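There are 2 protein chains.
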Amino acid sequence: MPAVRDQVIAALAEARHTGWDGLLAAQRAYLDDFWERADVELEGDTELQQAVRFALFHTLQSGARAEQRAIAAKGLTGPGYDGHTFWDTERFVLPVLTYTAPDAARDALRWRHATLDLARERAKQLGLEGAAFPWRTIRGQECSGYWPAGTAAFHVGANIADAVARYHAATDDDAFDREVGLELLVETARLWRSLGHHDPQGRFRIDGVTGPDEYSAIADNNVYTNLLAQLNLRAAADAVARHPRHAAELGADFEEAATWRDAARDMVIPWDEMLGVHPQSEGFTNHQVWDFEHTSPGQYPLLLHFPYFDLYRKQVVKQADLVLALHVRGDAFTGEEKARDFEYYERMTVRDSSLSACTQAVIAAEVGHLELAYDYFAEAAFMDLRDLEHNTRDGLHIASLAGAWIAAVSGFGGMRDHNGELTFAPRLPARLERLAFRLLFRGRRLKVDVTKQDATYTLLDGPPLRLGHHGTAITVSKNEPVTEAIPPGVERPAPSQPPGREPTRRALDST
Amino acid sequence: MPAVRDQVIAALAEARHTGWDGLLAAQRAYLDDFWERADVELEGDTELQQAVRFALFHTLQSGARAEQRAIAAKGLTGPGYDGHTFWDTERFVLPVLTYTAPDAARDALRWRHATLDLARERAKQLGLEGAAFPWRTIRGQECSGYWPAGTAAFHVGANIADAVARYHAATDDDAFDREVGLELLVETARLWRSLGHHDPQGRFRIDGVTGPDEYSAIADNNVYTNLLAQLNLRAAADAVARHPRHAAELGADFEEAATWRDAARDMVIPWDEMLGVHPQSEGFTNHQVWDFEHTSPGQYPLLLHFPYFDLYRKQVVKQADLVLALHVRGDAFTGEEKARDFEYYERMTVRDSSLSACTQAVIAAEVGHLELAYDYFAEAAFMDLRDLEHNTRDGLHIASLAGAWIAAVSGFGGMRDHNGELTFAPRLPARLERLAFRLLFRGRRLKVDVTKQDATYTLLDGPPLRLGHHGTAITVSKNEPVTEAIPPGVERPAPSQPPGREPTRRALDST
Chain A
1 MPAVRDQVIA ALAEARHTGW DGLLAAQRAY LDDFWERADV ELEGDTELQQ
51 AVRFALFHTL QSGARAEQRA IAAKGLTGPG YDGHTFWDTE RFVLPVLTYT
101 APDAARDALR WRHATLDLAR ERAKQLGLEG AAFPWRTIRG QECSGYWPAG
151 TAAFHVGANI ADAVARYHAA TDDDAFDREV GLELLVETAR LWRSLGHHDP
201 QGRFRIDGVT GPDEYSAIAD NNVYTNLLAQ LNLRAAADAV ARHPRHAAEL
251 GADFEEAATW RDAARDMVIP WDEMLGVHPQ SEGFTNHQVW DFEHTSPGQY
301 PLLLHFPYFD LYRKQVVKQA DLVLALHVRG DAFTGEEKAR DFEYYERMTV
351 RDSSLSACTQ AVIAAEVGHL ELAYDYFAEA AFMDLRDLEH NTRDGLHIAS
401 LAGAWIAAVS GFGGMRDHNG ELTFAPRLPA RLERLAFRLL FRGRRLKVDV
451 TKQDATYTLL DGPPLRLGHH GTAITVSKNE PVTEAIPPGV ERPAPSQPPG
501 REPTRRALDS T
Chain B
1001 MPAVRDQVIA ALAEARHTGW DGLLAAQRAY LDDFWERADV ELEGDTELQQ
1051 AVRFALFHTL QSGARAEQRA IAAKGLTGPG YDGHTFWDTE RFVLPVLTYT
1101 APDAARDALR WRHATLDLAR ERAKQLGLEG AAFPWRTIRG QECSGYWPAG
1151 TAAFHVGANI ADAVARYHAA TDDDAFDREV GLELLVETAR LWRSLGHHDP
1201 QGRFRIDGVT GPDEYSAIAD NNVYTNLLAQ LNLRAAADAV ARHPRHAAEL
1251 GADFEEAATW RDAARDMVIP WDEMLGVHPQ SEGFTNHQVW DFEHTSPGQY
1301 PLLLHFPYFD LYRKQVVKQA DLVLALHVRG DAFTGEEKAR DFEYYERMTV
1351 RDSSLSACTQ AVIAAEVGHL ELAYDYFAEA AFMDLRDLEH NTRDGLHIAS
1401 LAGAWIAAVS GFGGMRDHNG ELTFAPRLPA RLERLAFRLL FRGRRLKVDV
1451 TKQDATYTLL DGPPLRLGHH GTAITVSKNE PVTEAIPPGV ERPAPSQPPG
1501 REPTRRALDS T
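Protein chains in written order, with the numbering used here: chain A, 1 to 511; chain B, 1001 to 1511.
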């Protein structure tokens, strides 16, 4: 607290010295620079254009000056969640900041790094190796009292590892990689290695954990968790290979890294042969499907009207879980699997959480449901401007707002960054004439300009960059924009949602 | 409370009228009669003989005057568990009372019946049909605040149904069957029918419930639960067939009963093909086996030293669960399955509960581990006399004491009562010269006298009775004892227990 007070006193003194005009000019310059590298432009939907900029502004606002303190679920906009930070910071907010304000992403991860001792202590309490990061916290301690939906959600650590790997791949920030990223990756990998085990058939299983969907708990081999753990284990092994001497200081060597690669290779990914879809967790698709027909509109959100005993044991999904895996580990699925999985989970996803629409937008767009994707995109973007969950007075849903960027860039822009490669697969819904966005990647500024017919990739500065466009490798150089045609999409019948839980369809003339 | 006060006043007035000698004589006559029909005699182990009589006396004491109030876990002997009653009354205490003091068993079930409205209300709260009986209670309300180990343990209801069916089969008490049993069976069957569901392959699944073992929770298709639910569903359908008019008053008809039989027939009983054993619940045998080698003696009971998160996700068993199914639904397993299952679970059962040793004794005896059975028998019988769990000051472990009778009669006597048939398969351990026990069955008094060589069945009064002896049908008539040779047992290698959790081996000369 004295440090914060000193910082405030210094900031006030500096502000008085700078004066109003100076402050205004500095602020303007900062934001002009931000919009120059980060703006998302939509043509054809003025309202949504404003909403996306509102969302992006608040995402920046939540993180730009966090300065190695946690980015809370509500940012600094309200008292909701008691100021706690959750996994959604790394999952939804940091990917946006990584490509638009990377220093803020770095600082947020440095904050996680600063809490490593507490996370190691927590792992030890639980009889585990490495670090177990908290479900909800202010300064690093676990503040959730309900372990089935808190401590058991070990995917928290893999989301941090994923954010570390993404930040490093997008920035080539080797100092961070060595000083911060390595240790975060090593300690989270150690957690997975001790949490899971090899069964007699040599499969690596992670049993008794909770995935992102809060209407399930304590299940075996949650696909999202296992795929993120796999990424985590491999990223840690790669980091040890990059920094063997620093790894040695953490007691990590190539032998330990080899055990991580083994576990990653042997990771169990459940598959329902009969239905031809991935069960969210082992056995999930055998459960009774929630009786949506007899659930009235007034009974949503379900958690306020039904006991968890009932929610946990049935097929009903609060927020994207398997579908989130389709996005962030899209490299682990075929296109056909994604389409089938999306359609399956769409029927039972009720979106009683704001952490769902943006992910559904991304996968809906990828598998060809562009109009549905557009509706989800709008839901994420308007979450607070229209107070869709009736609780904006408690503060903004920062992760959902970040999700508006994700829906635009990863949804209609088709941006992916698996294994450090930057690829796009843009395709616009009927109601958008044009989508343009900018982002930073390895010291370069890139602009992507999408119309119904084609996409133009412009490198605004930096050395030539290799990209993917709908599966084709292209290279862009400064001042030499590359325009590529958008191939025709796949036609699929529209999936259905639980009755009454369809996203709001925006009228074409809503502007 | 006024009723209790009136009862006390009346009892005191009557006692003063009767006088000391009269009271003593009445008490003596009552107990003489009890021992005459219920005594268990052991030759070769005086200490254990005393312990078994102590156990039987306290089992009677807990229930004989409960008079339609609950039989608490501690009886009336102490404040442990706050005076609450649990499922173990029906599971362990009532089988003993059914064959030794059936009126007490009847009254205990009448008490459950008196709480049906509360159990129906609870089911409704949970979105279920029928009646959901509480995990722990004094007068019928659920008093457990931790639902994964309370409400989710729905097997409570099936244990009540099992006790109802057993009492009726052993007494032919048709008035009870019609007035009390029928409704208990119907309402518990309705619970199972609504709790479970048919999957696309037509299998009836009961997901997300907790079985007897308190080191697991919220699992799918717990074998014990499913087999008891199957028994419950069939018993209810049979009761509707016996009393169609009374069933109609409960809104139950043959169509509804048919849906119960369907569910019972289609019940999922998981099987691990590779290991050739039954998983306690679906997926259980895939879990990591608890690290017993690195668990020190001071870390038992595990629940005081490890988080439930860890216990729930690993193969470690607090108390007989699958092995309890091998006993009470022994008709659903082959002999070879029982032997393999027992050996498998023996390796991971830590007996951090007093509700385990007696069941392990019964199955150890059945599958041929007679010396091990003897040690478990002694553990159940000496639970309080030797304060084995260091908490006898809180009251006696009534269910474990009842378990001493079960270990003797169902263990070394091999008594079973599946589907209303009374069968025996007696076989003595090295340290017992003789075992004799008496029991009531359909208005008859039966005495069974077992030596190493043979067993003699004597009908003390009542019409001829058909029995089973080691798989052979025999008929006993009054004053015509039947003596049958005991066939040689199967030799099997002794199973192992978690290090340090072996039962105490009693020295042969401990008398």
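Derived from the structure by calculation, the hints contain no laboratory data. For clarity, every value in this text was computed on a predicted model and none was experimentally measured. Backbone N, C-alpha and C define an ideal beta-carbon position, used for all residues, glycine too. A few of these clues could be false.
Interface residues of chain A toward chain B, partial, derived using beta-carbon atoms under 7 Å [to be verified]: (1) Gly127; (2) Cys143; (3) Tyr146; (4) Trp147; (5) Ala152; (6) His197; (7) Asp207; (8) Ile218; (9) Gln288; (10) His305; (11) Asp310; (12) Gln315; (13) Arg329; (14) Ala332; (15) Glu336.
If you want the ones that stay clear, here's a sample from chain B, every Cβ over 10 Å from chain A, calculated [unchecked claim]: (16) Gly1208; (17) Ala1217; (18) Ile1218; (19) Ile1269.
Subject to a maximum C-alpha distance of 27 Å in a straight line, what follows is the list of computed DSS-like cross-link-like pairs (lysine-lysine) [unchecked claim]: (20) A:Lys314 with B:Lys1124; (21) B:Lys1314 with A:Lys314; (22) A:Lys124 with B:Lys1314; (23) A:Lys338 with A:Lys478.
field: Hints that the structure is at odds with (numbers, increasing)
entry: Failing hints, ascending: 2, 3, 10, 12, 13, 14, 15, 16, 17, 18, 23.
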